[in-house]
Amino acid sequence: MKPYVETIPGTDVKFEMVPIPGGTFKMGSPANEPGRSDDEGPAHLVAIRPFWMGKYEVTWDEYDILAFSKDIYKMQEQGVNLAQQSETEKAADAVTRPTPPYTDETFGFGRKRQPVINITHHAAMEYGYWLSVKTGKTYRLPTEAEWEYACRAGTQTAYSFGDSAAKPGDYAWYLDNSTARPHPVGQKQPNPWGLYDMHGNVAEWCLDRYDKDFYSTFKPDLPAISPVLVPGKEKFPHVARGGSWDDKAARLRCAARLASSEDWILQDPQRPQSIWWLTDALFVGFRIVRPLEEKEDLKGLRSQVKKYD
Amino acid sequence: MSKQNETEKPRPSRRDFLKRSAAAAVGGAIASRLGELPPVRAAGSDMIKVGLIGCGQRGTGAAEDAIKAAHGVKLVAMGDVFKDHLDASLEILKKLGDKVDVPPERQFVGFGAFEKVLASDVNYVILATPPGFRPWHLKAAVEAGKHIFAEKPFAVDGSGIRTVLQVNEEAKAKGLAIGVGTQRRHQTGYLETLKRIHDGDLGQIFAARVYWNQGPIWVHEKKEGWSDMEWQLRNWYYFTWVCGDHIVEQHIHNLDVANWALGTHPIRAVGMGGRQVRTDPVYGNIYDHFAIDYEYENGARMMSMCRQIPGCENSVSEALSGTKGFCQVNKYTLTGEKSWQYSGKNNLPYVQEHTDLIAAIRAGKPYNELKECAESTLTAIMGRMAAYTGQAVTWDQALNSEENLMPAKLEWGALAVAPVAMPGKTKLV
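Heads up: the protein sequence lines correspond to chains A and B, in order. Last residue of the first sequence? That's 413 in our numbering, and every number before it is there in order. Last residue of the second sequence? That's 522 in our numbering, and every number before it is there in order.
Do not take every clue at face value.
As the list claims (entries may be wrong) - The calculated SDA-like cross-link candidates involving lysine to any residue, where the alpha carbons are at most 20 Å apart (straight line), are:
#, chain 1, residue 1, chain 2, residue 2
1, B, K176, A, R375
2, A, K411, B, A181
3, A, K174, B, E406
4, A, K216, B, E406
5, A, K411, B, D180
6, B, K424, A, K174
7, B, K315, B, L508
To be verified - A partial selection of chain A residues facing chain B, derived with a Cβ cut-off under 8 Å:
#, residue
8, E193
9, G212
10, Q374
11, R375
Source of the hints: derived by calculation from the structure; they are not laboratory data. All C-beta atoms, glycine included, are put in the ideal place defined by N, C-alpha and C.
With these hints in hand, go ahead and build the complete structure from the sequences.
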């Protein structure tokens with residue numbers, strides 16, 4: 105497996121994918137880890153199959169193409185006959201686009217190289233689906249286990265750069281250095297596997313539904329093979345990992361789990377509320393993965409969330 | 094933004110305050126402004142029986158907000174011009190259980206639905222239709238003697254504003270409470286910030302800069318079998334007669350903040366605008382951007398921009414410059430002689446606006462937000478007129494304008510799309 109650059113078909117926009125080798129690791133944190141929450145235990149062995157992971161968090165440059173149909177508009181401008189495109193292009197065009205938001209979706213933070221913020225778990229899943237249709241490759245959100253494995257990058261310390269929070273500022277944007285905003289991706293030191301902003305900047309959506317007791321369902325010493333808690337129809341809660349520009353250092357640890365909640369969309373004054381945009385989650389974004397060989401229970405997975413349920 | 098506060102003490106994480114404080118009555122701040130008004134007709138602990146007029150997504154949200162705002166609130170009647178909107182709304186609201194009691198005989202459809210809601214046993218009406226209808230609905234609701242929650246904006250033209258201002262006297266005489274949907278006036282962070290501005294922390298305000306620059310919003314293609322009127326009502330945003338254009342419908346929020354800070358409205362507007370990206374006929378006759386220079390009587394100037402175009406630098410914000418400092422109002426931050434940032438809990442302003450209104454009704458206290466919202470609406474209309482015609486427009490010209498955009502007949506059938514305004518050619522009426 106090699107790193108590669110993918111260009112979103114029909115655009116000039118590229119993103120980089122980094123190979124993550126298969127392996128086994130201990131997921132969760134030891135009982136004595138400072139800043140730990142109970143949902144990080146008991147720690148248990150997990151086996152992960154190889155995959156590629158986005159080198160960076162997904163930025164507006166990429167997400168805008170789905171959200172604001174930039175590829176379709178570009179083709180219309182160029183006089184392309186949309187009805188005569190390839191089947192994959194037509195299928196991609198047919199993927200439902202996010203309903204436009206009644207606000208500045210960047211919250212004044214700007215677009216260029218900025219991580220997408222404040223989008224729902226459903227939206228992040230649908231981006232992966234759309235990208236898969238466009239490219240013919242399977243792109244999706246990482247499972248919580250894949251995410252932690254990639255964050256640790258072969259280490260077993262609280263952070264991929266060590267046990268203490270002595271120098272998070274070299275690797276991460278967080279409460280003490282972010283000046284109250286997310287930053288363009290890739291400006292801090294990468295982790296040992298070449299991934300940027302795993303700690304901090306924006307917390308990153310994982311595929312899994314959140315269950316605080318999930319780890320107790322695993323045997324501590326028999327590796328679980330690529331575990332995942334598959335999401336269903338419910339809009340909350342799901343897992344977001346890595347902490348953000350708005351978090352204290354302890355929330356940036358590899359094992360720290362964050363559960364989404366209805367508080368994140370509390371200020372949406374419409375009923376039904378949007379299934380694409382949150383209102384209070386300026387600290388959440390996402391990155392994508394591409395499995396080398398998809399697991400059976402994730403093949404063809406789509407978001408089950410509906411606006412009118 | 095000054096880093097003064099950041100070096101003095103650690104910034105609290107905004108997420109720590111994500112859990113909202115309960116919707117306690119913020120009545121004090123509002124009541125003190127309204128000391129001159131006569132008391133509203135008290136409802137004590139009586140049931141608040143809500144009638145919803147306009148069952149779209151905001152109206153449905155407002156009904157839920159009212160139910161959640163206080164004890165003893167029930168939705169009992171609904172009206173919409175479209176049956177499918179009413180049905181979809183009721184389907185969502187049914188989840189509120191016994192707080193929603195709207196049997197078929199209290200579900201009203203069509204152009205006359207609002208009258209039937211007002212004739213039923215309601216004592217609190219939510220007016221959440223597209224803005225073009227608001228003045229007539231406000232007038233009818235006051236004549237019917239109901240307490241009112243009216244969504245912004247209040248009108249789409251000067252005629253509508255005059256109607257609204259005229260019924261205000263009757264509303265006061267009848268002791269009717271009127272709350273409005275400019276929810277920043279009920280939002281904790283804004284209230285705290287404006288308190289300091291009104292206390293003089295900025296000195297005299299001489300400049301304001303307000304933006305609502307965002308991407309595009311929804312649009313509906315005309316479907317087979319729809320008359321012109323049906324299409325224009327389903328696609329209402331894109332027709333000035335029913336929407337007011339986005340400077341009125343959306344940007345009013347930021348204009349209202351500036352008026353709130355300055356304690357008055359501008360007296361003159363010069364500006365420009367246009368329709369550059371949204372040019373397809375599906376987008377009716379509205380513009381996609383405006384830029385207006387507003388003048389206040391005391392010499393203060395406001396730079397206003399609003400845009401609904403994809404792929405651009407966005408901002409939804411208000412900034413004020415005064416003789417003693419600067420305020421980024423939407424970030425609750427003051428810098429200058431007194432530096433301060435609000436970092437307390439935030440409430441739910443969309444619920445608070447009903448909590449405050451219902452508390453006033455029950456206590457028989459004065460409550461009327463109509464004048465401020467009418468002024469902010471007219472501020473936006475004045476700016477639109479300046480951009481549409483290319484002329485300077487004064488407050489009096491806007492207020493006394495003969496423009497009446499409502500179609501001669503409200504009925505299903507043919508309705509030509511009004512022409513797109515052309516500066517230098519479109520007459521100021």
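Non-conforming hints, listed in increasing numerical order: 6, 8
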